[in-house]
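If you're matching them up, the sequences are chains A and B in order. Every letter in the first sequence is one number past the one before it in our numbering, and letter 313, counting from 1, is 304. If you want our numbering, it's the position in the second sequence, counting the first as 1, plus 1083.
None of these hints come from the bench; they were simulated from the model. Heads up, a few of these hints could be off.
[What the hints assert, rightly or not] With a straight-line Cα cutoff of 35 Å, these simulated DSBU-like cross-link-like pairs (lysine-lysine) come out:
#1 B/K1267 - A/K388
#2 B/K1384 - B/K1184
#3 B/K1378 - A/K269
#4 A/K388 - B/K1164
#5 A/K381 - B/K1384
[Said to hold, decoys possible] Here are a few chain A residues that sit away from chain B, every Cβ distance over 10 Å (derived from the structure):
#6 G97
#7 K123
#8 Q142
#9 L212
#10 D385
From the three backbone atoms N, C-alpha and C, an ideal C-beta is built for every residue, glycine too.
Each chain is listed here by its residues.
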Amino acid sequence: MGLFSSPPAALGASAIRNIEAAKNLRDGVSRRGFLQASAVGAAFAASMHQLDILQSPVFAEELKKQQKHVILIWLAGGASQLETWDPKPGRATGGPFAAIQTSTPGVSISELMPKMAQRMQHTAIIRSLNTKNADHGGAAKILETGRAVDQGIPCPDLGAMIAHELGRADSQVPDYVSMYSSTEGRRQGGSGFLGGRYAPMFLTEQMIPENTSRLETLSDLDHSARGDLRAFLANKFRSGRPDLSVDSHNSAYQRVRGIMSSASLFDIEQESLAMRAKYGPTQFGEQCLVARRLVEAGVPFVKIARAWWDSHGQNFETHLELVTELDHVLATLIDDLADRGLLEHTLIATFGEFGRTPQINSSLGRDHFASAWSASLHGAGILGGSVHGKTDADGQKVIEGEVRASDLFATIFQAIGIDYRKEYHVGARPVPITDFGGQPIRGILA
Amino acid sequence: MLNFNQLKSLKEVGTPEINFAITKLPDRDAVVVGNSAGQLVEFDLSVDKPQPRSFQTAHTSYVTGVVSSQGGLVSGSYDRKLIWWDPLERTVLREIAAHDKWIRQIVSNPDGSLIASVGDDMHCKVWDAVTGELRFVLDDHAAITPQHYPSMLFTVAFSPDGRLLATGDKVGHVAIWDFVEGRKIGAVESPGMYTWDPRARRHSIGGVRSVAFSRDGQTLAVGGIGAIGNVDHLDGPARVELFDWRNSLSIAELTDTAMKGLVEQLWFSPGDTHLVTAGGDNNGFITIYDLATRKVAKQEKAHQHLHGLAVDEASGKFYSAHHGRVVTWNIRDEQPQST
């Protein structure tokens, strides 16, 4: 019997749907359909075993992806590349901070990042982003979606695409969590044409999601009994109506119950005092600790927005505060993930909508600058200690290895095993997951 | 006779660097500025077109303080060093690793026998200006803000009698020291200078940037910025708070929104009739308050942000250090001929 020939009669209806989905996957039509359909549990796992699907490198790759996670640290307002990853000490544009040698010979970063300097083995630096748009709103849209040109349709952001690719239909946790406590540049992002299923759980005012606890007037027993009754009626209704919309309705209830039960993931008081002390008492530190808890529980994509980088005035005092915190928290997050064996499965990315001007203005600030700026990647899939691209002596322009937003996104996709050449279909229109022409930066990938 | 109504720019010299600190050389119409290239540069302002005369290269970061003293010129820098200079030869006499973090400001006492320096290691250190000996270390400023970020010790000033020191930090804490006896004798708080906001701005770009004792020693002026409107510009009122420091009592607040930004410099006129404030946002300003009415008596826009100010009462001139410029100002009744 061929892999995709008629199924044996012993297989149940769900397995039949899975095989149909697998056919689609083989045909390159809908891997997501496969994942949604395949996520029905152990029965299907057994069926897969029977069919020896794991022998297929395509499926092995697909399953591997499910182990991957991304934490995006969004530096809202635009952090200065000169005070982080691309220092220019001794130049008029360089500012007052020195550069320090990292654990990778020949690679120096700002003295504000002594902890990250010792973690270059987990770090790839991109110093040659040229994303052209230096307006907050427009630039944020580019760096959220990886698309420089308006596609004429609402496009999903990075989190939604990764949630779509790596999320599991049977997951008990959210696929995409976005923590955006800051008011500066707050944008929810979104799932665009992928649909609301992949929209972020968007946390702004508090770290623990609202409305996820059981009503106090309802006992746990009653709550459970109501759920059982609903499931009984729903299953009875469904038994005579093999319809995807009915299944979707039921899975939505399952997800709500899963999210309710996962609310404790957002509660850092579940962590030891020693662990909380490692991350430190700042809001950003606590959010990164939550991000680790979410990733550990299986959330594919977590975004943490740390704002107030828009340093038009007093750039050096601003970066003295914020980079010091970023250095500590990022180093702690990397160490924590590594200690738990999660770093090889988790990619951490740091960037915002743009960088900052080499020119120092008369408020000792730096202004918006999208022509030559930096991002960093850490952990899964990257070549530790690598640096891509080069800017000129004053940091005014890219002189080697120019990178666009689409290239950055292709690199992220590739690092976590997502085919950057994949296409979505909006109606009959193909929309590539990576914007047209985007290529991964091979030199910083493992 | 000083007449602040006569405040007017006399001469402006453009520079490619950011000039942070300035001191007038004795007996000459010349200044030495400290700049963003890590240099000290002398300008002879008596000539028609002053040319820069650089000192020996010694600092490796921004020079944020330069003063004249009995031991020669002394400079302080973000490179953490204090350097004593021969002002004639423009060469290094002595170099001391003075602080563990950036030196924010240095001042000399009225007779030039002592130098006080403050840095982001949150120490105030008092040095013998002649020997370079460390005389006192004064500590009262927390290294970490209440929100767990690095604090900064921006400013220091001697009292006119040379007996007291005041030091001001990022969170608005000001300590007053009798350094002759080596002890703290008072403190005032100006939390309005600390612009950290848990919602609108989870970081701070304000802080106490200047302090000055009145001539009679009774009042302490504290300068900085008020509530900032825009997210990350210096878009807040230039703010000064006056204290009866012996009783830790705030007695007046002087704010100006016509010319905004940080108050970087403060100076009480003879007789405490006026308070000169200077600083800026992108632009610079000199704003002079009549202390009897606490109203603005005179105000002039300055070229870009003003960082440093030196006053020569004898000649009736201000000398100011700006982003990209050095400026001489007239402040006396009969305007001197432009030099």
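Could you work out which of the previously given hints the structure breaks and list their numbers from low to high?
Numbers 1, 3, 5, in rising order.
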